[in-house]
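*Asks:* Given chain V, put chains B and Z in place with the hints provided.
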Amino acid sequence: MAETGILSALGAVIRRDLLLAMRRKSDVLTTLFFFVIVVSLFPLGIGPEMGMLRQIAPGVLWVAALLASMLSLPRLFAADHADGTLEQMALSAVPLGVLVTGKIVAHWLVSGLPLALLAPVLGLQFDLPADALGVMVLALLIGTPVLSLIGAVGAGLTLGVRGGGVLVSLLVLPLYVPALIFGAGAVESHISGLGATAHLSLLAAFLALAAFFGPWATTVALRIALE
Amino acid sequence: MSNGIINWFKFSSPQTFYPLAGKMIPWFWALTAIFGVAGLTIGFFVAPTDAQQGEGYRIIFVHVPASWMSMFIYLVMAFWAALGLGFNTRLSGMMASALAPTGALMAFLSLWTGALWGKPMWGTWWVWDARLTSELILFFLYLGFIALQSAIDDARRADKAGAVLALVGVINIPIIYFSVKWWNTLHQGASVSLTKSPSMAQTMLWGMLLMALAFWMYSIAVSLTRVRAIILERERHAGWVEELPELKS
Amino acid sequence: MNWGSASEFFAMGGHALYVWGSFGACAVLMIVEPILAARRRTTALDELRREIRARKESNE
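Residue numbers (numbering that gives the first Met the number 0), protein chains in the order written: chain V, 0 to 226; chain B, 0 to 248; chain Z, 0 to 59.
In isolation and in its complexed conformation, chain V is listed as follows (with noise of 0.2 Å):
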């Protein structure tokens, strides 16, 4: 009975979520849209040789990828707390670890998962093979909700500071080294033979461990906010 209510709760929270950001579509599309823009200008930047496009492909599209899901980070919690309704879910019988893993949820299908999907297409420019396509995708699929669970901890911590937008990337960007390192590791260990699998499971192991740890502090951070 409990359980069912917790299920529903963190379904209608992901629900709600997930229609406001329909309503607020350009806000999605502004991040999609700089994950674009950033993506293609390294290009030219460093020139069109393709051998060289290659090799930098998989941490350009990563880096990328870390500052787009930054960009909306600062939203995550700021309109429920300006009109009040992050404190109504403070004090709702439902715990607020729940409420709040939804929110992270709903946050990573709305700029996560656009971006893993999108990657493919900014990856042919950069003329990765293939296979490397689908093992970026799968990368980006694990590591991208990591994203969202680090930056809900920055995102908590900021609320309502001055310089929130700014600080946020301060705080979050040193803790996403190793989604980093393992998400852009395992697309160059794969197209220089090594296989990928190592990689991905560490990435996987870290999205593990981000997502036992993730919602526990952002909840502390929003009750610190709260008070």
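Rather than coming from a laboratory, the hints here were simulated on the basis of the structure.
The beta carbon of each residue, even a glycine, is placed where N, CA and C say it ideally should be.
One or more hints might be untrue.
[To be verified] Here are a few chain Z residues that sit away from chain B, every Cβ distance over 10 Å (derived from the structure):
id, residue
1, ASN1
2, GLY3
3, SER4
4, ALA5
5, THR42
6, ALA53
7, GLU56
8, SER57
9, GLU59
[To be verified] Beta-carbon label-pair distances, calculated as ranges:
id, chain 1, residue 1, chain 2, residue 2, range
10, Z, TRP2, V, LEU66, 46 to 54 Å
11, B, TRP124, V, LEU193, 39 to 47 Å
12, B, PHE177, V, GLU86, 34 to 42 Å
13, V, LEU193, B, PHE177, 16 to 24 Å
*Replies:* Below, chains B and Z without anything else, positioned relative to chain V:
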């Protein structure tokens, strides 16, 4: 039985800790001077010239202590942060914020001396060695902590938010170090490892340990000085502050 | 004893820039940081003195 607990919490109040810290600071400065002089004497006059690296290796006597302290201070900071979150003691948060600048300084010194060591040894100021890279990220973590605390006006909230960040950081640091090491071994060739230090003479080790002790005592002395300043800033409206002998004169 | 003369000591076998650059940076920063920390405390004390004086005057 309960006596121990009472004493413990007595020292955790800023009112009792402020004069206690004031009494301890000169002792830690004295220890810093003693260990520092001993360490420098051994480092410069007793430790022999290194067969491979010449006199340049003497940078080790500040580089390694600074690196050790930068990592150790983060752990201590996270410890105080956890204590502050768990027991809601005011002093813990102040200790964490007093330690952060010193930790950042140590990380900076480690990077600076690492670069100055790298130039004569490897011919470049910077190598993407696993340790140097992790040290750089540790430096960023310190800067993030300081930036977060200084952006929040309410001191209690700043303490707690900083504590959460420090704890998330301390969980992340081993993973970061592991991932950077993994990344480094994958991209061999470009990397030069610091770990392959030639067998160290006994006197070199002694010099390094003494210098590490000097850095340790320094860190305690300077963060105690800073925590006293923070106590005064935060507790300015508490009655005991007005009774301080410093203010009577 | 490693050094024949003072100039030999300061030359550090040709690595003077690097060795003294490292030790110098450590020395400078480790002198500046305690001064800044101590000054932060004296500023706090000064402010407290001013506050107490202001309160006394307003009471009188």
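*Asks:* Broken hints, numbered, in rising order?
*Replies:* Numbers 1, 5, 11, in rising order.
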